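S.K.: Just need the whole structure built from these sequences, with the hints factored in.
Protein chains in written order, with the working numbering: chain A, 61 to 332; chain B, 61 to 332; chain C, 61 to 332; chain D, 61 to 332.
Be careful, since some hints might not be right.
The list makes no distinction among identical chains, and a pair is therefore deemed to hold if it is satisfied within one copy or across any two copies.
Stated by the list, open to error - When the alpha-carbon atoms are kept at most 27 Å apart in a straight line, the in silico DSS-like pairs for lysine-lysine are as follows:
(1) Lys160 with Lys257
(2) Lys241 with Lys160
(3) Lys259 with Lys160
(4) Lys135 with Lys147
(5) Lys241 with Lys288
Bear in mind the hints are in silico, worked out from the structure with no lab data behind them. Remember, predicted model here, so these are calculated numbers, not experimental data.
There are 4 protein chains.
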Amino acid sequence: MVHNETSTGVTSNIAAVRRAIDAAKHPALLLVDTISGLASADYRHDEWGVDVSISGSQKGLMLPPGISFNALSVKAIEASKTAKLPKSFWAWDEIIEMNKTGYWPSTPNTNLLYGLNEACDMLLEHGLDVVLARHLRWAEGVRAAVRAWGLQIQCADPAVYSPILTGVMMPEGVDADAVRKIIYERFDCSLGTGLGKVKGRMFRIGHLGDSNDLTLMAALSGCEMGLKLAGVRLAGSGVLAAMDHFASHPVSLPRSPAMDAAAPTPTRVVLT
Amino acid sequence: MVHNETSTGVTSNIAAVRRAIDAAKHPALLLVDTISGLASADYRHDEWGVDVSISGSQKGLMLPPGISFNALSVKAIEASKTAKLPKSFWAWDEIIEMNKTGYWPSTPNTNLLYGLNEACDMLLEHGLDVVLARHLRWAEGVRAAVRAWGLQIQCADPAVYSPILTGVMMPEGVDADAVRKIIYERFDCSLGTGLGKVKGRMFRIGHLGDSNDLTLMAALSGCEMGLKLAGVRLAGSGVLAAMDHFASHPVSLPRSPAMDAAAPTPTRVVLT
Amino acid sequence: MVHNETSTGVTSNIAAVRRAIDAAKHPALLLVDTISGLASADYRHDEWGVDVSISGSQKGLMLPPGISFNALSVKAIEASKTAKLPKSFWAWDEIIEMNKTGYWPSTPNTNLLYGLNEACDMLLEHGLDVVLARHLRWAEGVRAAVRAWGLQIQCADPAVYSPILTGVMMPEGVDADAVRKIIYERFDCSLGTGLGKVKGRMFRIGHLGDSNDLTLMAALSGCEMGLKLAGVRLAGSGVLAAMDHFASHPVSLPRSPAMDAAAPTPTRVVLT
Amino acid sequence: MVHNETSTGVTSNIAAVRRAIDAAKHPALLLVDTISGLASADYRHDEWGVDVSISGSQKGLMLPPGISFNALSVKAIEASKTAKLPKSFWAWDEIIEMNKTGYWPSTPNTNLLYGLNEACDMLLEHGLDVVLARHLRWAEGVRAAVRAWGLQIQCADPAVYSPILTGVMMPEGVDADAVRKIIYERFDCSLGTGLGKVKGRMFRIGHLGDSNDLTLMAALSGCEMGLKLAGVRLAGSGVLAAMDHFASHPVSLPRSPAMDAAAPTPTRVVLT
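M.R.: This is the structure in structure tokens:
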């Protein structure tokens, strides 16, 4: 199953699925794709009883794309030893063996491994609690904007809203990809397209990784201008709603002393 | 004189000063500081009869700080040969001599020279006309926001508005630096402080160099939220006014084919 | 088959194998691994009738590891459509389809694609003829050193010597990995280990990609010092032999004007 | 005075000059240029009673050129307050005042300041004792090569040999710059030229900063080949002499545990 569905902005209750498998005494392994979820939404490989977690570098880990990795349960490793299906990505034995001495069976993407080491340091320095709370707050701000526009959030159930991205449905008759094209060409901002059966029906706003309130305000401004230019009638200003949200919801967890020591000057200087 | 006054957001009419010097038949050299002006506001060393132009890497040339340079008229070079005042920055003879063979009398900042070469290529690829028009348009958008807030633009004369930055005056009784502190701490955005006798009376919003409409919307959003949090009563939303401006004023000059070929993907991907 | 065998320093005659397949009228596809060969040794996918060429970023293309790619013949593409074996790396249809519009079915390693673009520009600016001649000359210099040491080159047949690396056999009783350890710990130089059945019997010296005569002299100096420190009796100085070779064999093909214009200063300044 | 004379490869006894000034009860300030000396040769601003030390980023601090800085004694600061000569580089009062709150009176070269912070961490992680011993050992290896060639070291007094660079005198009738040109064009290695009255009579080999035994072997190989190609008759092989030196003189101080932890893989991989 997928932890955070990147194409829709919906999260899944992994622990509940584990409980259902266990209740049914079913021997299936629980495989979870947390490519876009890891380090932006709460995720607990061991505690939730996941057998195989799959993630990658290019989302919450704030790196360029290029590496993917697995976390494995003992049960998954055991199952792998006797599995008969042809496998390549899931063939872990050689990797596990060589990792013991710090090596890899083939040539790994070394520069991304250095980057991953740094990204993990950054996340742990902030504290995972702080990082996850930050994404929840951003997501609420973006959803406040979508509601103010009078548009529909693709994820119908608030219990599984994604802290990573929000899918924005277009009114009947509006081609979402035409809106995306205007926003890209006029405002240099590239939004995610609708995939599969919602192609042309929605676009996606990301609020993950190395962002802050103002990068989201930039994105929302681009959306609001682009929607209007595309002729979409908006109920109100999502930009004002998001500002109301961000201004009235200070980050509750304090910046850690380590962060302040490490970053005496802001990393995003857009003004002089 | 100063081409673009960074501390106030006011430009000067260099050509008019040259004409006044000439009309008075005064032998003075015309020295112009265009550190923040070059490559963001129209500037013509030869055509305007400037004797010494001074600029640097860190503004419109889009580089880190670290190098400064002069353009010289024949008259300035001649005057330098017989000048009696002690000089160091203005002692060009050794530099001119060694530059003939591509060298420098002391160890130059080589990495910024490579960067400068690239920055000039970028500016010329866009076309200076395009670059200068872009800054004028951004400045109008930011001033639209300031007016909508009901605040005063520091530069009183529209004829000399700066395309590079806008000084925003605070109402009586508001400490501009307290506002800046809120914007920095809450929204990770560092605004320029008031200098000299306007210290604490204003802050500055930059709209120069490697920006786009949405980086300015980010900055204006940070200002609007910070002003409100600081208790400043705003007449209206500057963010809405700026969006109206940017959406209703498309960039009139087309992107050059070279740009499109060079940049098939956007350089500022803030959404996924 | 393998174009350049990285573990031994042996090249293969691809064109001859193609002719043998054709003479036997055998329908097999000719798959060639040119991961370490491409852009350092002569290789001709079309002319030699290769069906599938496999290469990667991290050897002659002078990039960090992280991407691998295929070149395909029409015959290979056709065969793929009806192939019944499970396949993942060899499943090209979706890639071919999306490449038409400049996209990729999954998230590609974008930063390495930018690097690959630059690496290709560099190679074509030098000229492939120049690049290939350069590697042949380096290989001869390194082999001159090995012969002067009185050691054996792993590749027994001069007709298939690799221009990319040279395998150096140790005398009986010498542990090649102990020699490698000394060279690494004392001289900060990491040599390739013997793989498979020559483990501990040989080490490998690379002479590929972004090297020059002096980086090879550095490597050979490290080897010569390390061999002596390990107690290996050398017949003579390989370093002197390599210097004789490099000094008496100037690069026959001139540097292109484009290179000189692009690189007025040396890229490897080790002295001041 | 100059701590390490970059144009000749001679160091000065700073402490002795201080004692001479004190013995003469002379009020002069002791100003020392340690641009090329700092962090490669022993230097003690406080202990040696220096009033003003001047250094820069581009030598032992292993950074690109672009910043220079001073260390000041209380006596120098006091003298500065009443000095009547025009001054710019030596006008410290505004800098000292603003540094108290972490600022700078003009725009500093921020990216080099970040680099300087990292360079200082690297030096202190190795330990200054280790760094200085390393340079002394490199210098002896390079001088062993010059002696083996039968050429003269420019610095006539072994007591003041520089650990940073070695000046190599040419025999009568040999144009040092012609030798340098061959080494640059044939071997991509740029050596320092003779300055002032030794122009054309010598060249300089640097052994400072971020080097290792093999980068020096690369440089010495380039010199030996270039000298021979220029027709200089050499008494013997400097390259062999330097290898003898480096192989028989292991670095006496162990690598620190911190270094090994920080750098599990070599930073200079020249072989594969």
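S.K.: To test your reading of the hints: which numbers does this structure violate?
M.R.: Violated: none.
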